[in-house]
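Residue numbers (numbering that gives the first Met the number 0), protein chains in the order written: chain A, 0 to 362; chain B, 0 to 362; chain C, 0 to 362.
A few of these clues could be false.
Just so you know, same-sequence chains aren't split out, so a pair can sit in one copy or run between any two.
Stated by the list, open to error - Taking lysine-lysine pairs in the DSS-like style, the calculated list, with each CA pair at most 25 angstroms apart, reads:
| hint | residue 1 | residue 2 |
| --- | --- | --- |
| 1 | K71 | K9 |
| 2 | K71 | K207 |
| 3 | K330 | K9 |
| 4 | K352 | K9 |
| 5 | K353 | K327 |
| 6 | K42 | K9 |
| 7 | K327 | K42 |
| 8 | K330 | K207 |
| 9 | K336 | K207 |
| 10 | K71 | K42 |
| 11 | K42 | K207 |
| 12 | K336 | K71 |
| 13 | K327 | K207 |
| 14 | K9 | K353 |
| 15 | K207 | K352 |
| 16 | K352 | K42 |
| 17 | K42 | K330 |
Derived from the structure by calculation, the hints contain no laboratory data.
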Amino acid sequence: MTYTIEQIAKALGARAVGDTTLSISSVAEPAMASADQLAIAMKPSFAAALPEGGAQAAMLWEGADWENFGLKAAILTPRPRFAMAGLSAMMDPDIIASVGVHPSAVIDPTATLGDGVSVGPLSVIEAGARIGADSRIGAQVFIGRDVQIGENATLREGVKIGPRVRIGAHYIAQPGVAVGGDGFSFVTPEEGAVERVRDSLGDQGETKAQSWTRIHSLGSVQIGDDVEMGANSCVDRGNVRDTIIGNGCKIDNLAQIGHNVVIGNDCMICAQVGIAGSTRVGNNVVLGGQTGVSDNVFIGDNVITGGATKVLSNVPAGRVMLGYPAAKMDKQIELHKLLRRLPRLFTDVAAMKKGVPKDTSND
Amino acid sequence: MTYTIEQIAKALGARAVGDTTLSISSVAEPAMASADQLAIAMKPSFAAALPEGGAQAAMLWEGADWENFGLKAAILTPRPRFAMAGLSAMMDPDIIASVGVHPSAVIDPTATLGDGVSVGPLSVIEAGARIGADSRIGAQVFIGRDVQIGENATLREGVKIGPRVRIGAHYIAQPGVAVGGDGFSFVTPEEGAVERVRDSLGDQGETKAQSWTRIHSLGSVQIGDDVEMGANSCVDRGNVRDTIIGNGCKIDNLAQIGHNVVIGNDCMICAQVGIAGSTRVGNNVVLGGQTGVSDNVFIGDNVITGGATKVLSNVPAGRVMLGYPAAKMDKQIELHKLLRRLPRLFTDVAAMKKGVPKDTSND
Amino acid sequence: MTYTIEQIAKALGARAVGDTTLSISSVAEPAMASADQLAIAMKPSFAAALPEGGAQAAMLWEGADWENFGLKAAILTPRPRFAMAGLSAMMDPDIIASVGVHPSAVIDPTATLGDGVSVGPLSVIEAGARIGADSRIGAQVFIGRDVQIGENATLREGVKIGPRVRIGAHYIAQPGVAVGGDGFSFVTPEEGAVERVRDSLGDQGETKAQSWTRIHSLGSVQIGDDVEMGANSCVDRGNVRDTIIGNGCKIDNLAQIGHNVVIGNDCMICAQVGIAGSTRVGNNVVLGGQTGVSDNVFIGDNVITGGATKVLSNVPAGRVMLGYPAAKMDKQIELHKLLRRLPRLFTDVAAMKKGVPKDTSND
């Protein structure tokens, strides 16, 4: 599939300049682009590498002096990073064509597939499941009993969706996603050491060793529209009610969403984040990679956490957090600076102690 | 399946009050319960929401003033959280019925299945494997050569058990579990930088760059009775002997147990915990979410770690730990408080320096 | 399969002493070894347990007084840990024999399998894929369209390789590996809060809540020769160009390599490490377990990080790092010591404040 510069610019709502009839087959970074590729140079530092490659056309920022880079044509856009989203969708070589249902798939006769649904080899769809129109189910996928998935879903190879999970439209699940595992919920016959420690902040008291008894997960999982989940990420089902993920949420690889968690809309949960059971997360929250959030806490709207932040208590809306334990990012950065000066502080105080008589009254 | 209040109370060893003939089909949170559901309200703050829902009956704590909540019946128990375990097992809608062996499963003729074993579609059971009676093997499961699994196991979709792994009775594996991957064990021909750094605590010396040679895993994995493992969690096999997980251990999603690790009985390993190679963990240990434990250390009985604790050295029995590096929880919390006061300490010392002649003798 | 002490020593380039005709069937730890097993005792503390077991022969360090341990024979080597690599390869009971292609595998007619390739039950190989000679593809593996894999690969059960991924020779993938998921790359129509926070280090300003638009991954993944990946680990494909992993890299369980990342040769990436998008890693880098690396940073050659180090900015070649945020290991250890003395410092300063008139001039 090839496009002219004019066609691409029109699709992106961007401005085409130069020889807009030039034909483009794919995209490339500036230094590696060949003559039939569109070079992607979102800012001047990237565009500087254009002469190293063979591109005749590039996508650049509005106002770029494109002719000076030796190009024959360009697509100019005020926010190239956003334009890249549309361009990448046009150019994606891996959009799975609908190929119908592979004969090796094992599909229960009571499952319902919408129009245009394709199912890859060796996938399993169990009784009562309903798959929305135009969905693409890859190879070796598992869809459990009574699952509902909206239209236009993409489930990559090896995705596993447990029983009774309900998912909205345009869902994307990367390889190995596991939705609907049982919640991690166990209880001891008598009050246990963990319960005691939570109350005492560190003292186990005289609690005796006990074995764990399982609380079964009676809830399932609800996922909104336009949600994407990364490779090998997990969402557990709820104890009594469902675990809930709102519309527009994006969840990266190896992230873990515990039982009973409720996440609002348009959140970004980066790789290896863990959200423990029964925690609630607002809308438009961004949790940086490897962030951890304790169970039963509340994170307000628009909160952002930096990488590896460990959230041990509630976070009010709008806060930007960093560190372990999480603190406001500006305060945490200030603390990091002070810690680098700590050896000097110890030296200073030691010096002062030698010169200063210690007050020994009253203590 | 429905139960009367009396039947449920009897099964749980709890006390039924009011109209104990009321019929219950499932459970719900107080605010969302309908008339045929049992509301779960383990403490007064939860019970306060009963009027928002339509429940006629609830499970409450011993001594609760159940009639005041507008209920017709109640189940009273001194520890509702524990009673919830039994109740949830009665009410679980997803207990997999034994459906025999699906014709699409690929089962080696030398594998042995106990009475009542069911095997889901597209699962693989290799030569010499033995599966205990009444076990439920889900869809797309892999069970390797000479694996032994005890009676009444539940293996969800996509579970993978490597060759020669031995597992006790009542094992539960959530979707995507991987037991029996090879240990991560590599060596350089000459002493390498990592070995040098461990000895010097930070100095690589003059070690040269080398490639890694693989140490094959000759051991396998032994797992005791009553163990559960979470979605996409991993246990590697041992180098020379087996990696060992004791009875009653519960392991959450995306946790990682390295080669040669030995874990005692009744431990709780929360989500995304990592335990590096050859570390030994005692009995009744609880490792909070995202805890990391270095290789070759020892964690004593009854140790508890808070979320994201990073254990870099041995921990004596009974300790409650928090932080990175791990410290006793009470000391760590005290340290966190002091760190919040650190800016003020710097200010104070700076002020004192201006007012105090520094002792310049002897240093 | 059994070997004599002489055969083993010869294969390892080590020295055999005593009755070198003794026959060995497998290996064991000293305390658990039986008469036909070779005990592995790499250092004196391990050898002390030899009398507890029944070994007649052991692998020991050069210069060991083997007769004093009651042995009839020994293999002596200057670096037993390295010799163990060769020994373990000889003794591995799980080397998968080439068994041809299982009839249940679904292999596109346009895929090409080299000589001696075996494919396990219920695996899928899509159109245009090419698998090198003598590769062992396990059960339930997925190999996508146009994938290239070099000779002598081992792909364990449930490995998933996405479309267009190219992999060198001798690749080993443990169960559940996912290569070639889409990169986690999203953009908002207008400048978003995360972009603002990066510039301001903590201030969201007046950015409004927006939904995320997806940037498709047009690149794929390139992996060099002699790479191993651990169970359920993930490598995402690049946005415009490929994500790249160099020769000789070893990646442990549940590690995450983001889109566009470039990793050099002979790196060791331990369990649960996360490397965020577009970060570049040099050669011979070792990242300890649970290390996190921010996006778009650079880590120089020979860098080593301790467990759970969080790298938020560039690290020059040769550094040994620890902590969150990462600092040079020796400085971080010094800081940890000072922090333990912090309560005393507060006490000292408080005492001094009482005894010292505060300078109130000029501030």
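Given identical chains, is K353 near K327, meaning Cα to Cα at most 25 angstroms, within a copy, between copies, both, or neither?
Neither way: K353 and K327 sit 37 angstroms apart in one copy and 31 angstroms across, limit 25 angstroms.
If the cut is 25 angstroms between Cα atoms, do K336 and K71 qualify within a copy, between copies, both or neither?
neither (50 angstroms within a copy, 62 angstroms between copies)
Could you place K71 and K42 in one of the four classes (within, between, both, neither) given a Cα distance threshold of 25 angstroms?
Only inside one copy: K71 and K42 sit 18 angstroms apart there, 69 angstroms across copies, limit 25 angstroms.
If the cutoff is 25 angstroms on CA atoms, where do K327 and K207 land: within, between, both or neither? Let me know, please.
between (39 angstroms within a copy, 20 angstroms between copies)
Can you give me the call for K207 and K352, within, between, both or neither, at a CA distance of at most 25 angstroms?
neither (48 angstroms within a copy, 47 angstroms between copies)
Taking 25 angstroms as the upper bound on the Cα-Cα distance, should K42 and K9 be classified as within, between, both, or neither?
Classified as within: same-chain Cα gap 21 angstroms, cross-chain 61 angstroms, threshold 25 angstroms.
Within, between, both or neither, where K336 and K207 count as close if Cα-Cα is 25 angstroms or less:
The answer is neither: 44 angstroms in one copy and 31 angstroms across copies each exceed 25 angstroms.
Cα distance capped at 25 angstroms. Does K352 pair with K42 within a copy, between copies, both, or neither?
Classified as neither: same-chain Cα gap 56 angstroms, cross-chain 49 angstroms, threshold 25 angstroms.
Using 25 angstroms as the alpha carbon limit, work out where K330 and K207 are close: within a copy, between copies, both or neither.
Between copies, since 24 angstroms is at most 25 angstroms while 41 angstroms is not.
Should K352 paired with K9 be assigned to within, between, both, or neither, using CA atoms and 25 angstroms as the limit?
neither (74 angstroms within a copy, 67 angstroms between copies)
Check K327 against K42 for me: Cα-Cα at most 25 angstroms, and say if that holds within a copy, between copies, both or neither.
Neither. Shortest intra-copy (31 angstroms) and inter-copy (33 angstroms) distances fail the 25 angstroms Cα cut-off.
Quick one: K42 to K207, C-alpha cut-off 25 angstroms, is that within a copy, between copies, both, or neither?
between (63 angstroms within a copy, 24 angstroms between copies)
In the structure shown, a violation is registered for the earlier hints numbered 2, 3, 4, 5, 7, 9, 12, 14, 15, 16, 17, in ascending order.
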